[in-house]
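Now for the letters of each chain:
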Amino acid sequence: MLSRLLRTYLRPYGWNIALVLVMQTIQAMANLYLPTLNADIIDNGVAKGDTGYIISTGGIMLAATAGQVICAIVAVYFGARTATAFGRDVRQALFDKVETFSAREVAKFGAPSLITRTTNDVQQVQMLVLMTLIMLISAPVMMIGGVILALGQDVELSAILLFVVPIMAVFAALLLRAMAPLFRGVQSGIDRINRILREQIGGVRVIRAFVHDDYERDRFGEANSALTRLQIKVGRLFSLMFPFVMLLTNICSILVIWFGGHRVAEGAMETGALTAFITYLMYILMSLLMASMMFFFVPRAQVCAERLQQVLKTNSTVVQADDAVTHLPRPGEVAMDAASFRYPGAENPVLNDITFQAHPGQTLAIIGSTGSGKTTLLSLIPRLFDATGGSVQVGGVDVKDAALQTVWASIGLVPQKSYLFSGTIASNLRYGKSDATEEELWAALDVAQARDFVQALEGGLEAEVAQGGTNFSGGQRQRLAIARAIVRRPSIYLFDDSFSALDYATDSHLRAALKNVTQGATVVIVGQRVSTIREADQILVLDSGRIVGQGTHSQLLKDCETYKEIVYSQMSAKEAA
Amino acid sequence: MNAKARNKSGSTTPPRRQGGHGPGGGPMSMGMPAAKSLNFKASSARLLRTLSPERLRMIAVLALAIVSVALGVLGPKMLGNATNEVFNGFIGSRLPAGVSKAEVVASLQARGQDQFADMLAGMDVVPGEGVDFGAVGLILVAVLTIYVASALFGYAQGMLLTGVVQRSVFRMRRDVETKLGYLPLSYFDHQPRGEILSRVTNDIDNIAQTLQQTLSQLLNAVFTVLGVLVMMLTISPLLTLVAVATVPVAGVITMLIARRSQPQFIRQWQATGDLNAHIEEMYTGHELVKVFGRQAQAADTFRERNGELYTSSFKSQFISGTIQPSMMFVMNLGYVVIAVVGGLRVASGTMSLGDVQAFIQYSRQFTQPISQIASMMNLLQSGVASAERVFELLDEQEQSPDPIDPVRLTDVRGQVDFDAVDFSYDPDVKLIERLDLHAVPGQTIAIVGPTGAGKTTLVNLLERFYELRGGAIRLDGVDVRAMERGGLRHHIGMVLQDTWLFQGTIFDNIHYGRLDATREEVLSAAEATYVDRFVKHLPDGYDTVVDEEGSGISAGEKQLLTIARAFLADPAILILDEATSSVDTRTEVLVQRAMGKLRVGRTSFVIAHRLSTIRDADTILVMEDGAIVEQGNHETLMAAEGAYARLYNSQFAGAAAEG
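Residue numbers (the numbering used here), protein chains in the order written: chain C, 16 to 592; chain U, 74 to 732.
Honestly, the hints are just simulated from the structure, not real lab data.
Hints should not be assumed to be uniformly reliable.
[Claimed, not checked] Not everything, but these chain U residues come out facing chain C in the computed CB check (under 7 Å):
#1 T395
#2 S473
#3 P474
[To be verified] As a list, the in silico SDA-like pairs of lysine to any residue whose alpha-carbon atoms are at most 25 Å apart:
#4 C/K123 / U/S125
#5 C/K579 / U/W573
#6 U/K150 / C/K248
#7 C/K248 / U/S125
#8 C/K573 / U/W573
#9 U/K150 / C/S173
#10 U/K150 / C/K123
#11 C/K530 / U/Y721
#12 C/K123 / U/Y721
[Stated by the list, open to error] Here are some chain C residues pointing at chain U (derived, C-beta under 8 Å):
#13 I175
#14 D228
#15 S437
#16 A441
#17 Q534
All values reported here derive from a predicted model rather than from experimental measurement.
Backbone N, C-alpha and C fix where the C-beta goes; we use that ideal spot for every residue, glycine too.
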């Protein structure tokens with residue numbers, strides 16, 4: 016997982032990495048060379064009191080160091096550049112991918128988890144790349160250099176290295192295996208923290224109203240403790256690492272002295288060679304220690320890469336056909352033919368056998384009890400998800416054959432939950448049409464009966480909107496969401512219970528004004544109030560996902576029991592007629 | 074009670090600033106990113122203080138670190154002895170047996186081999202005897218023991234430190250969550266949710282990593298430096314001075330570089346927060362982004378913030394990354410100077426060669442941990458930048474504290490009085506002025522009026538979500554400010570138009586209304602509010618998991634759930650703010666009937682646009698522009714033919730126009 020992610024997203028930076036590699040190699044070689052100069056200074060300079068030699072060799076040493084510093088800085092420059100660019104690219108890929116998701120995929124991962132993945136998980140992998148490029152990459156160079164030098168001193172003694180390497184490898188494998196599940200837990204623990212906190216911020220009013228601060232603190236505390244427990248486990252495994260590697264290192268030097276001593280006694284080795292061997296052994300083990308730093312980053316990065324790949328590999332269930340139609344022959348037309356929808360694995364369909372046609376200039380209203388499938392029906396039109404049976408047509412084309420952008424461009428949606436984005440009133444209104452003029456915005460606000468309160472705001476169109484629109488009342492939010500759809504002047508309007516927070520007077524004024532705007536367009540309204548929908552050209556009465564009545568208000572009053580019940584729950588027979 | 078509970082254990086929260094009354098004070102800091110104080114030292118000190126509740130453990134960690142370092146220094150020394158033993162044996166084996174060392178030295182001197190004689194004189198050689206592997210073995214076993222002990226101490230230190238670090242991070246997360254409970258609502262109105270989340274997930278996680286990865290190495294490095302310093306002093310104070318002289322140079326260079334990289338680290342974590350805020354918002358409004366064709370713009374904003382994150386991450390890492398090579402240079406410079414000075418001292422005969430050699434060895438050991446610290450600077454700086462952002466949140470101004478000696482009402486009758494209430498969210502825009510409202514216990518009070526008239530604001534004020542600018546609200550004659558917020562809210566049940574569910578089962582979500590309710594009580598509340606009717610059809614029934622995104626159940630069903638929740642809570646005062654706006658009218662009639670039963674003997678406030686909902690209210694208040702313009706019951710208001718009558722008739726306006 017990790018290696019595939021790295022391969023894919025590091026490929027564009029191949030040359031940078033090669034440069035880093037060269038620089039780090041030179042740097043590591045300088046590291047191996049400097050001790051020789053050190054020894055020279057001591058043996059030939061200090062020991063002989065030859066200051067001139069000390070200064071000249073010292074000069075060489077400083078020059079070498081300067082070269083090393085330059086190499087190191089160049090390596091850091093390109094290493095940091097590559098790692099951070101890698102992070103940027105992966106984040107971008109992830110965001111772009113999630114943007115293609117339909118509601119179903121978003122729900123599958125959950126928004127909080129997708130958020131953690133896009134920032135935190137990427138950060139972990141980026142950290143690994145960064146540390147590798149600026150630090151760990153020189154470890155193998157030092158190791159190989161050290162081995163070559165050690166072999167140069169005594170081949171047989173070098174066999175000790177053969178004993179260290181497998182132990183180290185087994186230790187590494189065991190540690191990695193133990194860490195992977197823990198880190199999987201850590202990342203989903205962060206997801207959970209993120210989710211609970213997100214809920215708490217979103218529901219701050221309700222939590223305070225119910226005085227559940229303590230309960231919420233416990234709920235958060237539980238997630239917090241669970242995460243901490245895992246982190247402690249991980250941390251304890253980490254604490255094992257340094258002492259172990261150090262111990263291994265030290266045992267190695269003990270072995271070298273023991274066996275080396277024997278070889279010296281046998282006359283197979285010079286004493287000087289033994290000292291040198293120990294020095295080189297230290298290099299090898301130092302680089303081993305450095306490499307063990309990888310354990311801080313690799314297991315977590317592995318888990319994170321896995322989580323990133325999960326997202327990157329998920330394809331939206333709503334896919335655009337290759338030869339998608341970008342021109343709609345009959346703009347505004349909306350039709351369904353025996354459309355049905357069923358959640359995967361669910362027993363009962365949410366929608367069953369829905370057939371209707373709506374033409375430009377017409378209003379189609381949908382009414383029905385809570386949970387009868389109204390919102391689901393509406394969602395099939397902009398293809399937020401696909402019907403599992405039958406067909407849905409927009410503009411005379413099956414939505415599955417049309418380009419998604421083309422379908423969306425023809426639709427003005429006002430969702431049930433009128434979500435506004437942070438920014439200004441104007442930026443929200445321009446959401447569907449970024450080049451709309453101020454006149455167009457005011458015109459839309461007029462229709463939405465929102466001019467008065469927007470005018471009264473400090474800053475008017477430029478007044479601040481908080482995330483979600485929480486600084487506006489429900490009714491204001493709804494009117495702004497309606498205005499946002501109107502600014503687009505789409506050929507199809509979808510209103511999902513969009514007048515529920517409006518008082519009757521505003522509701523009726525709004526609908527009257529809307530008529531002028533929507534003249535050549537098709538309007539689909541989901542509503543609860545009979546007054547909102549009674550004038551519609553066609554009313555669908557839904558019950559448990561089926562159409563139980565279809566016709567005009569007066570027709571339905573005559574022959575649809577369900578509709579009658581709904582109407583009489585709101586008004587007297589006289590008022591209804 | 075919360076304040077008490079929080080003060081018990083160590084808290085990262087500083088003493089609370091008890092701000093003035095102005096609601097909305099403080100949270101506007103997000104508008105000015107550049108004006109951050111970059112106080113690395115103060116922030117790192119505060120970060121270290123977060124470990125203070127574990128003082129004893131930290132002392133143990135320090136002790137273990139000292140022992141482990143001491144053993145780690147002792148080991149190589151003894152290993153040196155073993156090497157000497159080998160050398161001695163090696164030399165000894167080449168000398169004739171049966172003579173004393175002194176004799177050999179004398180004979181060497183006689184032959185003019187002064188150098189070898191000197192060396193031999195200083196060695197523990199028995200001529201003729203080879204390497205004593207018994208002795209070497211003994212030393213090696215001792216060294217092995219020391220190393221094993223050092224490893225065990227190191228491991229114990231790591232174990233302890235992990236606990237200390239993770240528990241401190243735990244406390245930090247807890248404190249932030251608790252802090253959010255004390256912030257005024259206006260804070261949340263202004264701070265993007267994803268930005269707050271980023272502080273808890275990304276920043277605190279970064280702090281945890283920093284502490285976990287650097288603290289133990291930092292301790293070892295510091296102790297090693299100190300230990301080596303002592304060793305160096307015993308050999309040559311002058312050379313020690315030279316070696317130590319590199320430290321301030323190194324320090325100044327580090328500071329100069331760190332001063333440039335620290336703002337970039339702060340920028341990096343700010344950019345992470347901003348990016349997180351954008352992502353959070355786009356993922357939340359996912360469908361709208363698509364249907365409104367905003368993907369390109371959303372991607373542009375993302376690219377821009379992602380680019381900012383990239384630039385600042387790169388700069389911070391690069392600038393910080395130059396510290397280590399610079400240190401390397403300074404250290405090598407110091408090394409050469411030591412070699413020169415040492416060489417001069419040997420030449421002048423003031424210092425022995427062995428001492429200079431040993432000193433040079435130690436000076437390597439001295440610089441090694443310093444460069445180790447330098448190589449961790451990027452992690453450290455990044456961690457401190459994150460800590461600063463967490464502290465910033467912890468220092469946000471809180472809502473005014475609850476009274477120290479609060480009035481506690483036990484048996485609430487439900488009399489509610491608004492006396493000359495002045496309020497507005499924005500000090501420059503007037504909203505409610507001198508509003509009077511009196512609710513008699515047991516009454517149902519309906520509030521109607523055009524959107525934006527201030528109806529929901531009244532609810533917010535009664536719940537004391539915001540503070541008044543003038544006047545008073547009383548419950549049973551007691552000013553609500555004399556009560557604890559929790560105490561006040563306990564008597565009030567609220568159903569808002571924006572439903573809020575947390576991820577959990579339907580049962581849990583209803584149970585939330587009263588946590589000590591039995592299963593039967595929950596189920597009967599569900600039945601009374603017609604939740605039961607749709608839950609029966611769900612495959613998992615009450616165990617169906619719902620969440621904020623509300624997959625699987627409809628908006629109306631969510632509203633029913635929140636009504637059931639309030640029903641279960643059974644409060645003295647009930648507020649229904651557009652509680653049934655998404656519920657179909659037939660179900661609503663049934664729910665109303667149930668609510669009617671619940672409302673008996675309780676003061677209820679009902680806000681609704683469907684006038685059928687409020688027709689039967691005892692008092693109907695008609696609000697316009699933050700003021701009550703009419704008051705009375707349905708009949709009297711209809712007879713008055715005023716604002717209410719116009720409003721009421723407007724619901725049939727459509728029919729009239731058609732007819």
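Do the hints match the structure? See the list:
1. T395: holds (5 Å)
2. S473: Check failed: Cβ of U/S473 comes no nearer than 14 Å to chain C, outside 7 Å.
3. P474: violated (14 Å)
4. C/K123 / U/S125: violated (42 Å)
5. C/K579 / U/W573: Measuring from Cα to Cα gives roughly 32 Å; hence the hint is violated.
6. U/K150 / C/K248: Between U/K150 and C/K248 the Cα gap is close to 35 Å, so the pair fails against 25 Å, i.e. violated.
7. C/K248 / U/S125: holds (22 Å)
8. C/K573 / U/W573: Given that 25 Å is the threshold and the Cα spacing comes to 39 Å, the pair is violated.
9. U/K150 / C/S173: Holds, because 23 Å separates the two Cα atoms, which is no more than 25 Å.
10. U/K150 / C/K123: Between U/K150 and C/K123 the Cα gap is close to 61 Å, so the pair fails against 25 Å, i.e. violated.
11. C/K530 / U/Y721: holds (23 Å)
12. C/K123 / U/Y721: violated (45 Å)
13. I175: Constraint on C/I175 not satisfied, violated at 14 Å.
14. D228: holds (5 Å)
15. S437: holds (6 Å)
16. A441: This interface hint is violated because 14 Å lies over the 8 Å limit.
17. Q534: Not OK, violated: C/Q534 not within 8 Å of chain U, min 17 Å.
Of the numbered hints given earlier, the model fails hints 2, 3, 4, 5, 6, 8, 10, 12, 13, 16, 17; all others are met.
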